[in-house]
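J.: If you read the protein sequences in the order shown, they are chains H and Z. In terms of my numbering, the first sequence opens at residue 1 and continues consecutively. In terms of my numbering, the second sequence opens at residue 1 and continues consecutively.
Accuracy of the hints is not assured; some may be wrong.
Stated by the list, open to error - In silico SDA-like links for lysine to any residue, alpha-carbon gap of 20 Å or less:
| no. | chain 1 | residue 1 | chain 2 | residue 2 |
| --- | --- | --- | --- | --- |
| 1 | H | LYS38 | Z | GLY128 |
| 2 | H | LYS38 | Z | ILE27 |
| 3 | H | LYS84 | H | ALA58 |
| 4 | H | LYS84 | Z | ARG38 |
| 5 | H | LYS281 | H | ARG255 |
| 6 | H | LYS84 | Z | GLY131 |
| 7 | Z | LYS48 | H | LEU36 |
| 8 | H | LYS38 | Z | GLY131 |
| 9 | H | LYS38 | Z | HIS129 |
| 10 | H | LYS185 | H | ILE203 |
| 11 | H | LYS84 | Z | GLY128 |
To be verified - Pairwise CB distance ranges, derived in the manner of DEER restraints:
| no. | chain 1 | residue 1 | chain 2 | residue 2 | range |
| --- | --- | --- | --- | --- | --- |
| 12 | H | GLY303 | Z | THR10 | 47 to 55 Å |
| 13 | Z | ARG40 | H | PRO22 | 25 to 33 Å |
| 14 | H | GLU248 | Z | ARG137 | 33 to 41 Å |
| 15 | Z | ASN19 | H | GLY303 | 51 to 59 Å |
| 16 | Z | ALA89 | H | ALA310 | 27 to 35 Å |
| 17 | H | PRO22 | Z | CYS147 | 30 to 38 Å |
No wet-lab data here; the hints were simulated from the structure. Quick reminder that beta carbons are idealized off the backbone N, C-alpha and C, glycines included.
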Amino acid sequence: MRDFSYLRADNIEAARNAAALPGAMLLAGGTTLVDLAKCGVAEPATVIDISHIEGLAAIDVGADRAIIGALAKMSHVADHAGVKSLFPAVSEALWQAASAQLRNMATIGGNLMQRTRCPYFRDPQNFPACNKRAPGSGCSAIGGVTRGHAVLGTSEACIATYPGDLAIALVAFDAEVDLGGRKLKVEDFFLAPGATAEREHDIHPGEVITAIEIPGSAAARRSTYIKVRDRQSYEFAAASAAVGLELEGDGRTIRDIRVALGGVATRPWRARAVEDALKGKTLAEDTVRKASELAMQGAVDHGANHYKIALGPRVIARAILKLGATA
Amino acid sequence: MNDQVTTSPTTLSLHLTINGRDHALEIEPRVTLLDALRDRLHLTGTKKGCDQGQCGACTVHVDGERVLACLTLAAQVEGRSITTIEGLADQDGTLNAVQAAFLEQDAFQCGYCTPGQIMSAVACIREGHAGSDEEIREYMAGNLCRCGAYPHIVAAVRQAAQELRS
Chain H
1 MRDFSYLRAD NIEAARNAAA LPGAMLLAGG TTLVDLAKCG VAEPATVIDI SHIEGLAAID
61 VGADRAIIGA LAKMSHVADH AGVKSLFPAV SEALWQAASA QLRNMATIGG NLMQRTRCPY
121 FRDPQNFPAC NKRAPGSGCS AIGGVTRGHA VLGTSEACIA TYPGDLAIAL VAFDAEVDLG
181 GRKLKVEDFF LAPGATAERE HDIHPGEVIT AIEIPGSAAA RRSTYIKVRD RQSYEFAAAS
241 AAVGLELEGD GRTIRDIRVA LGGVATRPWR ARAVEDALKG KTLAEDTVRK ASELAMQGAV
301 DHGANHYKIA LGPRVIARAI LKLGATA
Chain Z
1 MNDQVTTSPT TLSLHLTING RDHALEIEPR VTLLDALRDR LHLTGTKKGC DQGQCGACTV
61 HVDGERVLAC LTLAAQVEGR SITTIEGLAD QDGTLNAVQA AFLEQDAFQC GYCTPGQIMS
121 AVACIREGHA GSDEEIREYM AGNLCRCGAY PHIVAAVRQA AQELRS
């Protein structure tokens, strides 16, 4: 790991000022930054430790919305009684992510800044070509081992999968990220690679995430996160789905439905085609399975990741049918 | 300070509170808590397995919560209270209930992952995540054991959790 200088910011203004310095990177939980510094991927000149700033870890949950401070730990949010009852998919996405130790370290703001687990991205010594690390250098994954790579939202520059779980639930429920001076939809915060794979987030030097805000809804209250992976726990998603469901008074007509996918796309992936196909329909297995297929419109595989095109819709359908069965 | 940031030169002077004792250190900012514990303070009970946050061998407690020492910068935990495996038993040598249960259940083979397993298990029970074998397996998933002693580890955590509840 290359050495760096260390600054401890005592408040958010100091963090913003320091974050604007050339080569500065923010340190919250450290689970991404320290890891990537060890891999030789992140080479900060200055590390700005924001983990001691007070007042940024509050979790404020009401029926109308949840506001979660950027420095709240993943574990604390996952175990929060209000989050569990009013936003179950958020809690489930969090406790199924990483390990208990990592969830005690990692913050909600840092979670949004998590980088891809693409093995080529993480190995600069053996794979110098990576458009995320070195724009214009090429993509080692295309033509390489692609079992974990994305099938949706890819480009000729990059096929790296967005690895996180929380953001999938956030995107499903129209959450916003608060950058202090401006707020934007979490969905818009994550950028598809296009020709600029190195830009993953709509955030600028000197901006610091202060909170995320999730609007409350009937669909958020009746929601779940299902994660399918190569081992039962402590693994990234092969495919995952955050789903929320609201039924009419008859108990079987779909009034509102939210669907987002993880593990298959370059960014958290909202599946609006699935939602549109199901709104107003009667909840039935055939209808749900057929509609779930629409999530894969435009999917492009690279051989070894072909299975994700079949798996994604099945995970969505399983989540919707699970919610439908727990009236 | 006016700019409200504490700046650092190449070497940092740190005070870390480990197992209730204050330790003064002069280290580079990039030194992890794991390397500070093992190489500078000679507290070698905390193990270095993968050194990249994937195995749990380096699990310690910071302010009572289990974390990975390999992904924690030493500088970041100045002012926090750190507990390692060396600080778990009582002063008179009486073992923690989890340590005793690991012995009784024969919950290790080579022993390399054991300090991390035990630190993780103590926190797992304290968090209230040891209510069933299934829950123990899920919430202990961050600690790998390449000897495959998992059934005995689950038995030890279950036993310690029952003892600590009664």
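J.: It remains to establish, for every hint, whether it holds in the given structure.
T.: Quick rundown of the hints versus the structure:
no., hint, verdict
1, H/LYS38 x Z/GLY128, "33 Å, violated"
2, H/LYS38 x Z/ILE27, "17 Å, holds"
3, H/LYS84 x H/ALA58, "16 Å, holds"
4, H/LYS84 x Z/ARG38, "39 Å, violated"
5, H/LYS281 x H/ARG255, "8 Å, holds"
6, H/LYS84 x Z/GLY131, "18 Å, holds"
7, Z/LYS48 x H/LEU36, "18 Å, holds"
8, H/LYS38 x Z/GLY131, "36 Å, violated"
9, H/LYS38 x Z/HIS129, "31 Å, violated"
10, H/LYS185 x H/ILE203, "12 Å, holds"
11, H/LYS84 x Z/GLY128, "16 Å, holds"
12, H/GLY303 x Z/THR10: 47 to 55 Å, "48 Å, holds"
13, Z/ARG40 x H/PRO22: 25 to 33 Å, "31 Å, holds"
14, H/GLU248 x Z/ARG137: 33 to 41 Å, "40 Å, holds"
15, Z/ASN19 x H/GLY303: 51 to 59 Å, "52 Å, holds"
16, Z/ALA89 x H/ALA310: 27 to 35 Å, "53 Å, violated"
17, H/PRO22 x Z/CYS147: 30 to 38 Å, "48 Å, violated"
Of the numbered hints listed earlier, those contradicted by the structure are 1, 4, 8, 9, 16, 17.
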